[in-house]
Amino acid sequence: MAFYDFLEIEKKWQKIWEEKNNFHGEDFSDKQKYYMLVMFPYPSGKLHMGHVRNYSIGDVIARFKRMQGYNVLHPIGFDAFGLPAENAAIKHGIPPKEWTVNNMEEMEKQLKALGISYDWDREVKTCMPDYYKWTQWMFLQMYKNGLAYKKKSFVNWCPSCQTVLANEQVVNGKCERCGTMVGKKNLEQWYFKITDYAERLLKDIERLKGWPEKVKVMQENWIGKSEGAQIDFKIEGRDEKISIFTTRPDTIFGVTYIVLAPEHPLVKELVKGTEYEKDVLEFVDKMQYLNEIARTSNETEKEGVFTGAYAINPVNNERVPIWIANYVLLDYGTGAVMAVPAHDERDFEFAKKYNLPIKIVISPNGDENIKLERAFTEEGIMINSGKFNGKSNKEAYEDIINYLEENNIGRRKVNYRLRDWLISRQRYWGAPIPIVYCEKCGEVPVKEEDLPVMLPEDVVFTGKGESPLKTSESFINTTCPKCGGKAIRETDTMDTFVCSSWYYLRYTDPHNDKEPFNFEKAKYWMAVDQYVGGVEHAILHLLYSRFFAKALYDFKISPVDEPFTNLLTQGMVLKDGAKMSKSKGNIVSPEEIIQNYGADTARLFILFAAPPERDLEWSDQGVEGCFRFLNRVWRLVDELAPKCKNSNKVNVNNLSKQDKEMRRITHYTVKKVTEDISQRFNFNTAISSIMELVNAMYQYKDLENPNYDVLSEAIEKMLLVLAPFVPHITEELWEKMGKQGSIHEQKWPDYDEKALQVEEIEIVVQINGKLRGKLVVPVNASKEEILDMAKNEPKIKALIEGKEIVKEIIVPGKLVNIVIK
RNA sequence: GCGGGCGUGGCGGAAUUGGCAGACGCACUAGACUUAGGAUCUAGCGCCUCGUGCGUGGGGGUUCAAGUCCCUCCGCCCGCACCA
1 MAFYDFLEIE
11 KKWQKIWEEK
21 NNFHGEDFSD
31 KQKYYMLVMF
41 PYPSGKLHMG
51 HVRNYSIGDV
61 IARFKRMQGY
71 NVLHPIGFDA
81 FGLPAENAAI
91 KHGIPPKEWT
101 VNNMEEMEKQ
111 LKALGISYDW
121 DREVKTCMPD
131 YYKWTQWMFL
141 QMYKNGLAYK
151 KKSFVNWCPS
161 CQTVLANEQV
171 VNGKCERCGT
181 MVGKKNLEQW
191 YFKITDYAER
201 LLKDIERLKG
211 WPEKVKVMQE
221 NWIGKSEGAQ
231 IDFKIEGRDE
241 KISIFTTRPD
251 TIFGVTYIVL
261 APEHPLVKEL
271 VKGTEYEKDV
281 LEFVDKMQYL
291 NEIARTSNET
301 EKEGVFTGAY
311 AINPVNNERV
321 PIWIANYVLL
331 DYGTGAVMAV
341 PAHDERDFEF
351 AKKYNLPIKI
361 VISPNGDENI
371 KLERAFTEEG
381 IMINSGKFNG
391 KSNKEAYEDI
401 INYLEENNIG
411 RRKVNYRLRD
421 WLISRQRYWG
431 APIPIVYCEK
441 CGEVPVKEED
451 LPVMLPEDVV
461 FTGKGESPLK
471 TSESFINTTC
481 PKCGGKAIRE
491 TDTMDTFVCS
501 SWYYLRYTDP
511 HNDKEPFNFE
521 KAKYWMAVDQ
531 YVGGVEHAIL
541 HLLYSRFFAK
551 ALYDFKISPV
561 DEPFTNLLTQ
571 GMVLKDGAKM
581 SKSKGNIVSP
591 EEIIQNYGAD
601 TARLFILFAA
611 PPERDLEWSD
621 QGVEGCFRFL
631 NRVWRLVDEL
641 APKCKNSNKV
651 NVNNLSKQDK
661 EMRRITHYTV
671 KKVTEDISQR
681 FNFNTAISSI
691 MELVNAMYQY
701 KDLENPNYDV
711 LSEAIEKMLL
721 VLAPFVPHIT
731 EELWEKMGKQ
741 GSIHEQKWPD
751 YDEKALQVEE
761 IEIVVQINGK
771 LRGKLVVPVN
781 ASKEEILDMA
791 KNEPKIKALI
801 EGKEIVKEII
811 VPGKLVNIVI
821 K
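Quick note on UniProt numbering: the first sequence kicks off at 1 and runs consecutively.
Heads up, some of the hints might be wrong.
Only pairs whose alpha carbons sit at most 20 Å apart, straight line, appear in this in silico EDC-like list of lysine to aspartate or glutamate [said to hold, decoys possible]: (1) Lys112 / Asp5; (2) Lys15 / Asp121; (3) Lys482 / Glu443.
The hints are simulated quantities; they were obtained by calculation from the structure and are not laboratory data.
Using the sequences and the hints, build the whole thing.
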């Protein structure tokens, strides 16, 4: 008997698949298309178990859909720009390109060793000029359409990565990549105007029926829509006004002070030359050095100072003091707030601390004599609010906005938390922003035909806060595309999330050198039918990609305005209850597992141990178990192949009871696996039902007279349904069975409804809802017959003897419940 | 605080519509084969006070019947968090 030599088998088939190139997605095929996408990896050097899980899930779906007759696009590539490459250059003197290319080669080998059915012809690498040329082209389209602009403002600065970060890349005040506390810097930077798309990004979440609720809620919160009013307050003795945003215009009569963010541009003006100047500027200074988290946590105590200036409440001309405080943020709303301590918890806390007046304008029941222990934020009746008194605050909300608009002192306003996407990075290893600065013409975009703006190689990596591109003479000096005069290049590169915001489109036409992709090809393949990846991209990559799709759709470049129809967020791979990490020393290397057990075992374990969305606890013994199962399959087919090779189609008219039962299990398994994969992606239960089939086959084959036609059918169907999970062993056994062609090019098996039917079924008999006996009855027995048989079952008969029967419930095919007193 | 998810044997997890709780796998126990076994096969395996018993985080409810529906409490994980 040949043993299961997984190393040999996997090598053999990987070579054949590569030569035959049979996982190719065909443009414009008549077959129905299916675009199966996994999030492409950063080329860190080695695959980790998270990758293995991601790609195994994707591969099962791709192979399954292919067998079901779809024209499947299943591509892979590398998100290849980014900091680690540059850090390697600083640390070890290896050029970023060399480091990245080596890593990609290594990871390609590992992906191939896993036997994932990628269309390798479509591989994209974002760091190559043939790709980043088009990333730069995308920038130019954004620029042309007014969605790319430059502005100076306080930005997030990671001192470790020595670059600015987008808001999305700051997690709990820390750098999303390296975990360092992020600071603030006032810099001139490039932005994409994602805020123009806030409403559409929000509204279209409704259309994402195939996305997890969790991700949709996260995006909704991130966009953070709130409705209210913008109201102008005059400043006493000045011409300027202060505009505030509020969601509670109904409380405007309760305003007792105004608060500006410390960085608000008016602050310095208001205090200039006054006795308050010193204190205020000191406070502003202090705030600037605080990081985001210390500044914005609601556990941080509220602090503020009076500016000495007053504003006038436009509805009642009351004079209210203007303060600055840490709890007001410059970049939300207008950076200024009207404070209504009676009806806002934060304002209440602040007013108590600094002894500011509290004026009640909404009362729970209309009563004016009420005392507040804390802010009253619920609904009520308007008081102390002039002509709005006596109305419900809900009604007053509308009336007051109308009043403000009529008198031109305020207007209805929708505000979003989402801010524009900061895309400049002061780093080398990214796509250069295609802009030059001309002495005469100023900021000028590079002409499309001059793309790509190539990354130079004569750079010095200092790791010191400025783009290394500044050290390249050959790069920096250029001529103006407009006037031909002397000009210098923009030295910042683009955030790598720009590269990954459109890669799914490039896969549809990866070798096009005339345009980023052909519209018709993209139209054929898009949208992505199933996207699989980690939930850590719930906001970052997934929101940016949605923005790109919409912007490109508006420019008539993309055929779709939502890129991903269905999204599966896989759980993490844990070891000893924690995420695998170097520092914890709980890493299991995919390479080692493949070496010791084979790729098929690795894939099988990872798919079997938990449903895909859930976290998965690594278990060496679990791997062992999966390896045992594959050996069981191997031995079974190895033993039976000679007897089954030349068998015929099953003659259904000539089957014993056991033959029928074997066939029933075979066909039921096909049904179950088909449903588990296609309806719910429950690979774990699909695999367990195949295990049950194999167990049943072991029993059956050792009977006195097994029917080899039945066994042959069972083996064939078992191998077919197992093929998407463990592609190598099934291919080898398919060949052993004397079958023609690759198992992966076979049609997904059907099941025969008739084979599923049984003549007798087991029925549960309950007394008062408790299990008291079992009964085998003909499948077509009537309710009366079933009840009769149940009552005559000796055990049941004894129990109901002499008791009054209150109720009898018969559920055909399931149970009988006799209720007695 | 708000939002989302989860809680089932020693462990990972099944139970699709309210209908036999614990499929499948791991671990464990006993046996067979064997020079040997960490291979393979067979059997057992929720708990206990062994009953007409108990049991899906706790308590209550609806129902002939609840892991599943309702109420309530507890615990854990994830996301957001002074957003005016």
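Hint-by-hint comparison with the structure:
Straight-line distance between C-alpha atoms of lysine 112 and aspartate 5 comes to about 18 Å, which keeps the hinted pair within the 20 Å bound. The straight-line distance between the Cα atoms of lysine 15 and aspartate 121 is roughly 16 Å, inside the 20 Å bound, and the hint therefore holds. With a C-alpha separation of about 10 Å, the suggested pair lysine 482 and glutamate 443 falls inside the 20 Å cut-off, and the hint holds.
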